[in-house]
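All chains, full assembly: derive it from the sequences and hints.
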Amino acid sequence: MARIELQNIKKRFGEITVIKNINLSIEDGEFFTFVGPSGCGKSTILNMIAGLENVSDGNILFDGVVVNNLSPKERDVAMVFQSYALYPHMTVYNNIAFPLRMRKYKRHQMDEEVRRVASLLGLTELLARKPKELSGGQRQRVALGRALVRKPKVFLLDEPLSNLDARLRLEMRAELKRLHGELKITTVYVTHDQAEALSLSDRMAVLDEGKIQQCGSAHEVYSKPANLFVAGFIGSPVMNFIPAFVRQQEGVEVECNGILIKPRTERIPLNDSVVVGVRPEDISVSKDETKGEIKVSISLVEPAGSFNWVVFGWNNLSLRGVASVEEGFQTGDRGYMRFPSHRAILFEENTGERL
Amino acid sequence: MIGSLCAFGLAKLRVRYKPVILGFILSASMFPPIATVSPLFMMIKAAGLRDTWFALIITYTTFSLPLSVWILTNFFREVPDEIFRAARIDGCTSFQSYAKIILPLSAPGIFATAILVFIFSWNEFLYALTFTSTEDSRTIPVAIALFPGIHEIPWGEIAAASVIVTIPLLVLIFAFQKKIIEGLTAGAVKG
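Chains as they are written, first to last, in this note's numbering: chain A, 1 to 355; chain B, 1001 to 1191.
Hints should not be assumed to be uniformly reliable.
Claimed, not checked - Label pairs and their computed distance ranges (CB to CB): (1) B:P1033 to A:N68: 48 to 56 Å; (2) A:G136 to B:I1167: 44 to 52 Å; (3) B:I1119 to A:G136: 36 to 44 Å; (4) B:I1167 to A:E171: 56 to 64 Å; (5) A:G39 to B:N1074: 26 to 34 Å.
To be verified - Cut-off 25 Å, straight-line C-alpha distance, at most; resulting in silico cross-link-like pairs (DMTMM-like, lysine to aspartate or glutamate): (6) A:K262 to A:E250; (7) B:K1100 to A:E74; (8) A:K151 to B:E1082; (9) A:K184 to A:D63; (10) A:K104 to B:E1082; (11) B:K1100 to A:D111; (12) A:K153 to B:E1082; (13) A:K132 to B:E1082; (14) A:K211 to A:E266; (15) A:K132 to B:D1081; (16) A:K10 to A:D76; (17) A:K130 to B:E1082; (18) A:K153 to B:D1081; (19) A:K130 to B:D1081; (20) A:K211 to A:D28; (21) A:K262 to A:E289.
None of these hints come from the bench; they were simulated from the model. Glycine included, every Cβ here is placed at the ideal spot set by N, Cα and C.
Written as structure tokens, this is what we have:
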């Protein structure tokens, strides 16, 4: 159990600065996620917390103690890797027991701990097998077991689910959430999958180009994205962005593709050029003229089971929205869209900041 | 064994001037043996090791090290970095992760190298001829070469001896064949 603080963390590889000044504190027992596109530095941050990489500048604190120069062993962290990194020449039992063996546990105590973790993860039947005789999901659970067995202060996960198939990933996601609920170990999770980040974490930080773009709960990040990058990265399918012009500064009114809307804003735009962001799930398209006032033409229909995603043309813009299956839209059909101006989010065009 | 320790350091740890060190090690094996025989002979004589197996052991170790370091460095590089990191997280020091993880995983490579080095030492002729003088310390290739007498060359005996000499090599290779072929790293990471 530990509270982690990152103070002015920077990381340089040669001339290139990968991490630019990160300040963050992760509370004791929290499930915290770093999410971002490949190459944004999220794994580097995790390696620095683990003690596998040195920080170029700044301090890492565990429970208020600077741990910059401590080895992973002294920091008492456990880590699960994307490729699992099991020891292939050892059985499952020995893989899980290995961290305990390195800490010189007594034999019977070690045996007890290994069996406890194995039953927690449903691995009891597999203890005598070697990693190559296991399926992907089983290997993943062994890797989890190896990390959990010694009850670390901090639990670090580096994209642990990205090598699993879609169904297994959902199962393991639920499993991780259950384990965290039971064990309450401070967990730092790294992923590029925004859906994973949203569903698992207490709080998350969206990273891009070595900087934290936004840090907050899943709901905050989703409904109040700090800038265009976060808005585009979080949520699936991607948010619609529409260029617009400010018509009225007070009580902000903008002209967006020929219509006037009044989105909710927190401050007055400084520039005339703005971007309106609308989530596809907020735009509904119907064949019924009374349910919408803007005429659109459907260019693509993607069934999602209970409803359809539709891509449609509105003047020269191509947007995405939802339509119920009963509408029976076909490519080339006419439809009517209601613009959800109360749900629209306004961004400044030049800075990308939310207004 | 010494070679594997050195190779581990070069493959997995952060050492400065890595290419320079590797190049230097390689250069040691570039001298033609005949050029090094005389100085080595002087050194061994000075150390009082002439006509002992120990003299040969030292020379062979020195000359087979570059080869083994080069081969093993590449074998160790193939052990995924994540396994090495996992070992450090689990509480290994660098040496422990070498002994408990890297070594068992590279067993095929180590066996292959060991056999190569063994063949090299087993068949070596020049140093053996130079550093030994009595029957007690002579190695087999030298002994066979000294079979011919003044008046006749006993081809039959030479042929027979040569065949017998290859037997230990064959036995060794058959014994380790399975180890060499076995893909010990299978199952470590996905793929």
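Now for the hints, and whether the structure bears them out:
1. B:P1033 to A:N68: 48 to 56 Å: Roughly 52 Å apart at Cβ, these two residues keep to the hinted range, so it holds.
2. A:G136 to B:I1167: 44 to 52 Å: Once the Cβ atoms are compared, 47 Å apart, the range 44 to 52 Å for B:I1167 and A:G136 holds.
3. B:I1119 to A:G136: 36 to 44 Å: Between B:I1119 and A:G136, where Cβ atoms are some 42 Å apart, the hint holds.
4. B:I1167 to A:E171: 56 to 64 Å: holds (58 Å)
5. A:G39 to B:N1074: 26 to 34 Å: Holds: the Cβ-Cβ distance is about 28 Å, inside 26 to 34 Å.
6. A:K262 to A:E250: holds (11 Å)
7. B:K1100 to A:E74: Status holds; Cα separation ~20 Å.
8. A:K151 to B:E1082: holds (21 Å)
9. A:K184 to A:D63: holds (16 Å)
10. A:K104 to B:E1082: The hint holds at about 23 Å.
11. B:K1100 to A:D111: Within the cut-off at roughly 20 Å; holds.
12. A:K153 to B:E1082: holds (21 Å)
13. A:K132 to B:E1082: holds (17 Å)
14. A:K211 to A:E266: holds (24 Å)
15. A:K132 to B:D1081: With a Cα-Cα distance of about 18 Å, the restraint between A:K132 and B:D1081 holds, given a limit of 25 Å.
16. A:K10 to A:D76: Distance of about 23 Å is within 25 Å: holds.
17. A:K130 to B:E1082: Holds, at about 18 Å.
18. A:K153 to B:D1081: Cα-Cα ~24 Å, so holds.
19. A:K130 to B:D1081: holds (20 Å)
20. A:K211 to A:D28: holds (23 Å)
21. A:K262 to A:E289: holds (23 Å)
The structure shown violates none of the earlier numbered hints.
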